[in-house]
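Protein chains: 2
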Amino acid sequence: MAKALVILLLLFSVQAKAQKTMPGDVVIIASKILQENRTVYIHYPKPDSSNINKRFPVLYLMDGESHFDMLAQYADYLSRWDVKAIPQMIVVGVANTKRTRDLTPSESIFNYYGKPDTSATSWMRPSGGNEKFLQFISQELIPYVDSNYKTISYKILAGHSFGGIASINCLLTHPGMFDAYVAISPSFWWDREYVLKLADKRLREGTVLYKTLFYSDGNEGMDDSSTFHTNLLTFDSLLSVRKIKGLVRTYKYYPTETHMTEPVTAYYDALRFIFKDWKEK
Amino acid sequence: MAKALVILLLLFSVQAKAQKTMPGDVVIIASKILQENRTVYIHYPKPDSSNINKRFPVLYLMDGESHFDMLAQYADYLSRWDVKAIPQMIVVGVANTKRTRDLTPSESIFNYYGKPDTSATSWMRPSGGNEKFLQFISQELIPYVDSNYKTISYKILAGHSFGGIASINCLLTHPGMFDAYVAISPSFWWDREYVLKLADKRLREGTVLYKTLFYSDGNEGMDDSSTFHTNLLTFDSLLSVRKIKGLVRTYKYYPTETHMTEPVTAYYDALRFIFKDWKEK
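Those protein sequences? They're chains A and B, same order as listed.
Taking this note's numbering as reference, the numbering of the first sequence is continuous, increasing by one, and the terminal residue is 868.
Taking this note's numbering as reference, the numbering of the second sequence is continuous, increasing by one, and the terminal residue is 868.
I should point out that these hints are in silico values taken from the structure, not numbers from a laboratory.
No experiment lies behind these values; they were computed from the predicted model shown.
Treat the hints with care, as some may be off.
Which copy is meant is left open, because identical chains are indistinguishable; a pair holds if it fits in one copy or across any two.
Claimed, not checked - Quick list of in silico lysine-lysine cross-link-like pairs, PhoX-like style, CA-CA up to 25 Å:
#1 Lys607 / Lys798
#2 Lys607 / Lys685
#3 Lys607 / Lys633
#4 Lys737 / Lys863
#5 Lys702 / Lys784
#6 Lys798 / Lys830
#7 Lys671 / Lys619
#8 Lys839 / Lys671
If we strip away everything but chain A, and leave its shape as in the complex, we get (with noise of 0.2 Å):
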């Protein structure tokens, strides 16, 4: 009886609720390019007195309903006036349709052990369509970012598996597309390790490359774990030996993370890496 009525009076007492926000839209962009609606999620620094006339670099993210909250999260606290190891920046997640379709730089139908899927069901169908949605990005979603916020030049590609190798494609194919380029546990394994062919055909001794790259992989997990880790370490000998100038880069193993907790370091360590020269002006 007492009990009730205190949590009663507890009930009674409280004054207010209401819902947590986030500084963050939901957009839906009909693409004329990929002929189709997609939704895209856009973080951005909470306007205050020191930033009302300043502007953000952008980070563009792949597997949008997966990462977005994470790095929009990272972009916040790392940037707080007391934290300050990283500038404030704008957050662009997009959410997938076809992710295969949209994130593998080759059609192909080898699976991960290299074996052919003929199936015609395979969720690895369809593939090959990350030119198209590169395009997307460069031609529709970018200005509409740099129309509708307060950006600078200065750009970011991050993503996470067929992300990563999305993101690899895009440094070897559009480099001047971003600044910087993310590739957490890239999965080389793709078409016969496409990516890494395409790497090597790409990057010759004495070219010259001012960007910066981060990419790691972890225990992955899968039945033949070493795959991931073998490819990484074979594109990160191919970097080192082909000297590329102005390329800033770091490759980081995680032994203890499965591929799908790797990114919560990762992300981390690579944002911190990107802007370790960083000094607010």
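Mind docking chain B on chain A? Use the hints.
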């Protein structure tokens, strides 16, 4: 002209724009114990068919305005169906009013350097109200959360800096209140190592304490940056020597993190540590 037209078309092609929200409430509790209104953020798992009848552990967080979004995001992401590193949980963040008063366990005028600060307007005043704050948590906040959200009895108390000594003070003085305690860079320097002395007194050899404890420090970036680290090593050594029965603990040192970046990594590691043996039933 062509470009302007493209931009116009793009603007026209945005079909909807909405505000991004997160599943969370902002509650104002009129505390009888503290004689003031307290703002509390409460994040809970998004209800879906897989968890409709489930109840959840609760993490109580000090400095809610600083780290609530971070913990809410970690709780969500790490419990996703495709990540499942920890269980779904409720996160309760208490925003500060008088931080020094609520989070320090003793009244003190001795600053970080052990020198008296007798200024009437010192940021150190008032102090020593942690016992009352813990009463607010146990007698008002926890009953409110248990009455209004789907909780199980498993509870975590987590704090950083002053919140770190508050967490350890609670473990020492009210060990029954929580099941796990997180203390990130606890300010052991407070009142000439008051909490270290208390630990020395309370944790006799053979003390039985079936609890989980995570504590850590970083490169604190103070003038005398060794104070935190020396104190943490002392605390860790004390726990090792006293052989507390039942205590599952870990100490992490982050030399590449500052006092303010450390929580990003340490809260993640703390959650992984607390639930390292967790498996979904």
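Hint check:
{"no.": "1", "hint": "Lys607 / Lys798", "in the structure": "neither (38 Å within a copy, 32 Å between copies)"}
{"no.": "2", "hint": "Lys607 / Lys685", "in the structure": "between (31 Å within a copy, 23 Å between copies)"}
{"no.": "3", "hint": "Lys607 / Lys633", "in the structure": "both (15 Å within a copy, 13 Å between copies)"}
{"no.": "4", "hint": "Lys737 / Lys863", "in the structure": "within (23 Å within a copy, 43 Å between copies)"}
{"no.": "5", "hint": "Lys702 / Lys784", "in the structure": "within (18 Å within a copy, 64 Å between copies)"}
{"no.": "6", "hint": "Lys798 / Lys830", "in the structure": "within (13 Å within a copy, 52 Å between copies)"}
{"no.": "7", "hint": "Lys671 / Lys619", "in the structure": "neither (39 Å within a copy, 38 Å between copies)"}
{"no.": "8", "hint": "Lys839 / Lys671", "in the structure": "both (23 Å within a copy, 23 Å between copies)"}
Consistency with the previously given hints fails for numbers 1, 7, ordered from lowest to highest.
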